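Line by line, the protein sequences are chains A and B. Each residue of the first sequence is one higher than the one before, starting from 1 at the first, in the numbering used here. Each residue of the second sequence is one higher than the one before, starting from 1 at the first, in the numbering used here.
Rather than coming from a laboratory, the hints here were simulated on the basis of the structure. Wrong hints could be hidden among the right ones.
Said to hold, decoys possible - Some chain B residues close to chain A (C-beta under 7 Å, calculated; not the full set): (1) F40; (2) V42; (3) G65; (4) T77; (5) I92; (6) G95; (7) L97; (8) T111; (9) L133; (10) E143; (11) A145; (12) L148; (13) L149; (14) A152; (15) A156; (16) L159.
None of these values were measured; they are calculated from a predicted model. C-beta atoms are modelled at their ideal positions from N, C-alpha and C, and glycine is treated no differently.
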Amino acid sequence: MITLHHYLLISAALFSFGILGVLTRKNAVNVLMGIELILNAANINLVAFSRYSSSGFDGQIFATFVIAVAASEVAVALAIVVTMYRLLKTVNLDQADSLKR
Amino acid sequence: MHVSDIIFVIVGFVTVGSAAVVVLSRSLIYSAFALLFTFFGVAIIYVFLGADFLAAAQVLIYVGGILVLLLFGVMLTHRLYNLNLRTETFQIIPGILISFAVFVSLSLVATHTQWHRVPEKPLMPTTDTIGTLFMTEYLLPFEIASILLLTALIGAAMLVRRRTDV
Numbered sequence: 001m002i003t004l005h006h007y008l009l010i011s012a013a014l015f016s017f018g019i020l021g022v023l024t025r026k027n028a029v030n031v032l033m034g035i036e037l038i039l040n041a042a043n044i045n046l047v048a049f050s051r052y053s054s055s056g057f058d059g060q061i062f063a064t065f066v067i068a069v070a071a072s073e074v075a076v077a078l079a080i081v082v083t084m085y086r087l088l089k090t091v092n093l094d095q096a097d098s099l100k101r
Numbered sequence: 001m002h003v004s005d006i007i008f009v010i011v012g013f014v015t016v017g018s019a020a021v022v023v024l025s026r027s028l029i030y031s032a033f034a035l036l037f038t039f040f041g042v043a044i045i046y047v048f049l050g051a052d053f054l055a056a057a058q059v060l061i062y063v064g065g066i067l068v069l070l071l072f073g074v075m076l077t078h079r080l081y082n083l084n085l086r087t088e089t090f091q092i093i094p095g096i097l098i099s100f101a102v103f104v105s106l107s108l109v110a111t112h113t114q115w116h117r118v119p120e121k122p123l124m125p126t127t128d129t130i131g132t133l134f135m136t137e138y139l140l141p142f143e144i145a146s147i148l149l150l151t152a153l154i155g156a157a158m159l160v161r162r163r164t165d166v
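Isolated chain B, as found in the complex (with noise of 0.2 Å):
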């Protein structure tokens, strides 16, 4: 029982823990800053997988990006007057059933099955051979993905522009 396996247990619960406020918080505040521990607990598990390139693009993208997005569109779309920020939930009984059928099938599956085993590869830094890879083997789809990121910016300031016809 390492201490490394004490701090992965704690980190996994607190990921899942702050998954669960994000859904099931009263208030959206709360959700957004919930889903800021979930991205770090993320990160901080692929550390522990050993993609330590992609724990920095983890907390780059999307607590740097895609949550100041979201913080973005929480202040974006509430009545000014009414701050309360309360959000309902719909229908909650049979949701929980069904996820938590999906989590009972989900995690039978991944106990139950044989998987392959492979004696475990040491850790080591995998920036390099990242973007070697992406220069040499996986270049098609490094360029389809900066075209399509160019299409969803276009598109998203599109949609947003102040129609003066309208």
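One chain only, chain A, in its complex shape (with noise of 0.2 Å):
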């Protein structure tokens, strides 16, 4: 029987590697895939709470603008990953160490 737990630690699971990810990985372009990681970890539980509360469809709706705001989100930093691409022609962000070029 599947109950609100499993979901839960489904989701606890994602969120800390998404956590490790963010952490650890070096590449910009890994370090965005931690975060949509952490991002959908909190939709899924938004989404599992939506279904197992007395609250309708409050969580369902917050999941799908969380969906809008990571899109919005990996597109810009999509572009600063290109633009420091450009300026220091590496996405090594152990290189990205100075404001001043």
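Hey, can you piece these two chains together into the complex? The hints should help.
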């Protein structure tokens, strides 16, 4: 029998893997993938609580907005990554350590 | 033990395993394709939760938009003469400790809290209700989200334009 706990455990695992990706990866696109994992984990939490509580469709509407915000955030973040590659010729976050070129 | 429970366990393992590959893989392309499996797994979890509109939106936007954008980012930002695409990790032991601590605390809270029990609602199509809610009760966030998307598009296009004066 699948209860709320299983969805929360899956979301916790995705969230911790996303945090691991953000903390340990050096490539900027890899860090973006970790951020997407974190957002998906939060979305699973929202939709699971929307189903297993009496608040109607609030969780699913919120999750739709999270998806929209994540899409715009990825667009802007990739624009920043491409600009960083143009300026520094690398996307290694270790080498982006000064504000002035 | 229904068949749907077995399928849910398989989907859960595939999703979390793909997330592990995304974060721990040596190659950037492997991470991107494992992210594809993670997004599909999350969409199947939405179907299990009765959120059919959200599952379709997840596949459309995440797989069809965000993943393609990430692959563009991967392909545009590597050196053409070095097709290795190997990525290194940085201080992986403290990272593993922190993420494991976060996972343990989150799962302890999730399993030990007495969540308010509600009788399970029957699964029904949600697109109609969500559409009506977007147009009546959540109209203001909807409009603000469209303005946000417009601003993000304009901002991203402005960031990467060819500057002829630099």
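Hints, verified against the model:
no.	hint	in the structure
1	F40	violated (11 Å)
2	V42	holds (5 Å)
3	G65	holds (6 Å)
4	T77	holds (4 Å)
5	I92	holds (5 Å)
6	G95	holds (4 Å)
7	L97	violated (10 Å)
8	T111	holds (5 Å)
9	L133	holds (6 Å)
10	E143	violated (12 Å)
11	A145	holds (5 Å)
12	L148	holds (6 Å)
13	L149	holds (5 Å)
14	A152	holds (3 Å)
15	A156	holds (4 Å)
16	L159	holds (4 Å)
Of the numbered hints given earlier, the model fails hints 1, 7, 10; all others are met.
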